[in-house]
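*Asks:* Residues per chain, in single letters:
Number of protein chains: 2
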Amino acid sequence: MATSLSLSKAISARSTATHHPSTPAHHLPSSLSLSSSSSSLLKPSSFSLKTTQRVAPRATVRASAVESLDKSVTSEDTLVDKSVNTIRFLAIDAVEKANSGHPGLPMGCAPMGHILYDEVMRYNPKNPYWFNRDRFVLSAGHGCMLQYALLHLAGYDSVTVEDLKSFRQWESRTPGHPENFETPGIEVTTGPLGQGIANAVGLALAEKHLAARFNKPDMEIVDHYTYAILGDGCQMEGVSQEACSLAGHWGLGKLIAFYDDNHISIDGSTDIAFTEDVDKRFEALGWHVIWVKNGNTGYDEIRAAIREAKAVKDKPTLIKVTTTIGYGSPNKSNSYSVHGSALGAKEVEATRSNLVWPHEPFHVPEDVKKHWSRHTPEGASLETEWNAKFAEYEKKYTDEAAELKCIITGELPSGWEKALPTYTPESPADATRNLSQQCLNALAPVLPGFLGGSADLASSNMTLLKMFGNFQKDTPEERNLRFGVREHGMGSICNGIALHCPGFIPYCATFFVFTDYMRASIRMAALSQAGVIFVMTHDSIGLGEDGPTHQPIEHLASFRAMPNVFMFRPADGTETAGAYRVAVLNKKTPSILALSRQKLPQLPGTSIEGVEKGGYIISDNSKGNTPDVILMGTGSELEIAAKAADDLRKEGKAVRVVSFVSWELFDAQPDSYKESVLPADVTARVSIEAGTTFGWLKYVGCKGKAIGIDRFGASAPADKIYKELGITKEAVIEAAKSLC
Amino acid sequence: MATSLSLSKAISARSTATHHPSTPAHHLPSSLSLSSSSSSLLKPSSFSLKTTQRVAPRATVRASAVESLDKSVTSEDTLVDKSVNTIRFLAIDAVEKANSGHPGLPMGCAPMGHILYDEVMRYNPKNPYWFNRDRFVLSAGHGCMLQYALLHLAGYDSVTVEDLKSFRQWESRTPGHPENFETPGIEVTTGPLGQGIANAVGLALAEKHLAARFNKPDMEIVDHYTYAILGDGCQMEGVSQEACSLAGHWGLGKLIAFYDDNHISIDGSTDIAFTEDVDKRFEALGWHVIWVKNGNTGYDEIRAAIREAKAVKDKPTLIKVTTTIGYGSPNKSNSYSVHGSALGAKEVEATRSNLVWPHEPFHVPEDVKKHWSRHTPEGASLETEWNAKFAEYEKKYTDEAAELKCIITGELPSGWEKALPTYTPESPADATRNLSQQCLNALAPVLPGFLGGSADLASSNMTLLKMFGNFQKDTPEERNLRFGVREHGMGSICNGIALHCPGFIPYCATFFVFTDYMRASIRMAALSQAGVIFVMTHDSIGLGEDGPTHQPIEHLASFRAMPNVFMFRPADGTETAGAYRVAVLNKKTPSILALSRQKLPQLPGTSIEGVEKGGYIISDNSKGNTPDVILMGTGSELEIAAKAADDLRKEGKAVRVVSFVSWELFDAQPDSYKESVLPADVTARVSIEAGTTFGWLKYVGCKGKAIGIDRFGASAPADKIYKELGITKEAVIEAAKSLC
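Just so you know, the protein sequences line up as chains A and B, in that order.
The first sequence begins at 1 in the UniProt record's numbering and counts up by one.
The second sequence begins at 1 in the UniProt record's numbering and counts up by one.
Watch out, some of these pointers could steer you wrong.
When chains are identical, the list treats them as one kind, so a pair holds in a single copy or across two.
What the hints assert, rightly or not - With a Cα cut of at most 27 Å, we get these calculated BS3-like pairs of lysine-lysine: (1) Lys613 / Lys705; (2) Lys466 / Lys293; (3) Lys97 / Lys599; (4) Lys623 / Lys705; (5) Lys165 / Lys126.
Derived by calculation from the structure, the hints in this document are not laboratory data.
In this text, all values refer to a predicted model and were calculated from it rather than measured experimentally.
So here's chain A without its partners, still in its complex pose (with noise of 0.2 Å):
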């Protein structure tokens, strides 16, 4: 496999720059490495080297997770034990300090923090956005000390010593969870269980997939794996399930998750709750599984586990790491007491004793940081190395390292735009559904990074992108997601991608109604500032027969109200294609998407230019700003507020129809353009949409009306439910005509 080649020319390159001997790890004679486990597959290290150290301290546990502690303490590990209670002592003393915060992860997964950040993974401190680098997820997002620690420890700027003592404070970089947004080195932002290891699910997808696009015979230019770290929690929520059993579908051999199996969640021992068979719910779902028993001092397991994960290239592979929360507290580990509190300063000096932690608050002593700060000049040659290889890629193969360079840097090729449809009033009816397809299959083949899915509804979503196949286990390079009838992870496994790197957009969809499944993902990609393009089709009644459980109501209104989305309803094809447009340019609001199951025509009026404004006009009979009556509508219903106002001006009235197409786009603009189109002097004003009234006031103002749905649909044909429920152009007529 090309993948040990590169990743030995990796290893070589980082030992060629730090000032310890030369000589590649592998090559090494086993006494001079790491320890006797350690192999061409973990990055090599120093630590033979220092032979000083003081005996390993011994900690006091009670009875717990791990069913022995006892293990040959070796001169070999004395410093490693020296870094990782560097780790467990920084989490403690910073939780301490912020008087709140989960010290008992951290405390506990130290020993596999230490050996990934600092044996394993590769990446370059001063550039936390450095392309191949391995990525890391804590989906257990609220041991966030301890990824803050390893940042800290290996050289990241955006977390300084300071940054740790301002834990969970306003404005700090170190927040109560991890936010990519504020941390640099942050990934991902997790802390809603299951969030993290089903983002890093994409994570995985999105380097096979560039690997299989971008790889040469003879170039290795895409080549990295993805660790995780999740817990029990992580294990209950029904997103990680949802997730794992796509990731071993898609083999996604590269993904490595570290189990913490602690055995404690917050309500007490996981007995209570969780007694199903982790390891061979994962082997199910086609994952190889490997069980580390000592995850506390068994340094030796948790490498040799991560190289026989190397090793098992067709699967990911769970590690199963059975720990001991809050490891070294003599009275509160194995406990839910150190799960989400500050140990308090009395348990922290019995931790220090324990430990024999001897030192003050914040402490890094001199020999580990010393042996940490060789992870900056190794992080730089790596991306320098990787820079070079990618200028003879570049020189041999020009069109895709253009390709690649769009998806790495996040620039759209220029003139894109004119790749999307556009209509006229003559183009015929179609369901913005299917607009939305046209959309689609016009973007992807101009957006290198443009990839997405449904969940098992592509026929009736309109997602399919027709000139590419599946992405699946042996054809990784194709960009149709299959995400099978599983919402909530198809969204979060689009947030990692469109966390992988800039130029990823993925889209990924459903019924509009089952956003209710995968909302935590959305809110997670608004928060996270992931650009995915929610495709959310059966927007409304319009639906039809299959009735109230299926017809969204309070869904638009229920997005309107979520910071940082854009909820589009797009009325016709050319506000389709605006709203990708606007999409597609801002990659730090992910955009949703309400599209019909119906035909609507394409009306007059309709504008890209009005879209990206949000709420604009799309006729009007009136002068001088002065209409008789404002009728505003979105999607569906906007074809209702245009016939009824060429009823009403059929009758000597002066109407404007406007459209409402993206609220949050509207609310942006400056003032005397909202007067421009709602002129606050004229309060005859009447919306129409099919869904909850919830939110018009606010454009039809004091003395309008609102036309909507405040009840739960109905199953019949959707003409039917329309008329019953009032949604029609006599309404809109009768409610014009009452204010005018």
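Given chain A, work out where chain B should sit, using these hints.
*Replies:* Then chain B, alone, in the frame of chain A:
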């Protein structure tokens, strides 16, 4: 085991009540019983008495999930075949007439459906609400014509042939997905995939709980099974994994789920997204797993599987039934095209010919009709017998009978409200999550059907009932449910409990922001009129350091927009108690309580009567309904409004303070009441709430000001965030002064 004893009794009763020979099935010689493999665990049947049927039709089916369709046809099977084909064609014909619907599942699952409703389940078609009935859930709800056909054959008045003919039409009792509130005989509302199986877990939990609490060594008064049919889609959904993991943990032995393993999903073969080993996963979850290889015609295999499932009493059972979707359709079976569309006239004819079904649409052959007709007298007998048993139980166990009666009927014990705690302004300040716990612990002893728990946050949500232990496999009589970190499964399980019988009042809890994980189940509670109480703590930025992933912003608005939900945000103990009062009294509307993590004072002026009106005046120094300004708030910000009012009054202003604890309740008040709280003439109005301002315009009016948070939160101590985001007394005063 008492279970089989009671079952035999019931079977005996059924037989006695029919006009067929009264020998109980387990006394019949095997040649006379339904098939060679039927036994006392299956219902007796009179099939073997009918021997004049035509030879069973042999269907042409393309290569499909079922490896071989060869079977030896015996005369005993002929009426079964005929009944099964009746079910198939009722589904085909109804979908064809509606030109909308899902024929594939009913055609494939007709055999298991027939066996369940005709041979296995105990129910009374003339009283669909008879307490001790077996419950059936069609988790794959799109296949609802299967269940409508079965209810029709079984004699339910809710599904006449006219109802079948109006499938999916306006106001019909046969909507596009099964809806418990439309169609007696439907237990829960399904369609959104995975919900049904999770509801079924709740139904089975309810049975296990009641059986443990109320059965006596000499009298088994609670004793029924819960059956479900789920498809590939349900299996892929995370919510089903969550619920099934709990079902295994709880050892719900009387839950028997049929997995319709047809290898087809909407996007094609399940191979494109679903290759996990489902059997192994369920074994890992602690289920007993059986595979029926020929679900199309292997009646005896199905019967044997049910027998085996019933024999396993300490585990739920998954019966994987491999079927052919659209069985019988020569050109469309075993393909996605038969999943969700009418077959079309031509293919209907081809299917009629293939299955030798020469009848007109909606025809039920006389012998089939006659055969099924016995369920009416048999069902009546079952209920009569149970009623007699209950009368006896009532004599011997008066107290238990009274409790059980409350649960069965939903009648609240008189005086229950007196148990609610009361507070005065002198009562100590406390977080509403703690005050909520006082309410929960006050209610549980007086409401026999009150039970619930948290998604691994019991000690944060404050939801433990101190007088009860944990509901566990071996202590199912207890009332603290431990859901683990499974919010979605928790919500859907609670929906199942609530719909088991009217007196159950389940509550469930997590952080308010994680309603995003369980929004689909909350919507299903609202739609299906399941009066679950959702206890949602940590309801704002007031939770502090955990940061924006944990801080709700848009959540209040998003639920205020949802039909049939009470969204409460109580400000103190009195309002918390008031919210619980409304929640308990409104069994058909779920309630969400948003509760604070932080301490709040007991405010003067709050009242339970006020809560019942949703919005009400807590203090006012104005006269004649003409205050200078109206300040409004909810929850933790009502205190801020009250303090601002104090300051403004000191400056001579006439200030009214209004609590808007539930918008839905206020909106339901008569206009005169609304005018008494918010007089139209008083346009100086300020609202304050630590959440989005979206929607507040409704109350502050076009000239008022809404103070809120229209961005994501931040990680910092709560006070700091309040100050930085402007949720302060000073902001209210400033806004008020700008208006009056």
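*Asks:* Does each hint hold? Answer for all of them.
*Replies:* Okay, the hints, checked on the actual structure:
no. : hint            : result
1   : Lys613 / Lys705 : both (23 Å within a copy, 25 Å between copies)
2   : Lys466 / Lys293 : neither (48 Å within a copy, 36 Å between copies)
3   : Lys97 / Lys599  : between (61 Å within a copy, 22 Å between copies)
4   : Lys623 / Lys705 : within (23 Å within a copy, 32 Å between copies)
5   : Lys165 / Lys126 : within (21 Å within a copy, 70 Å between copies)
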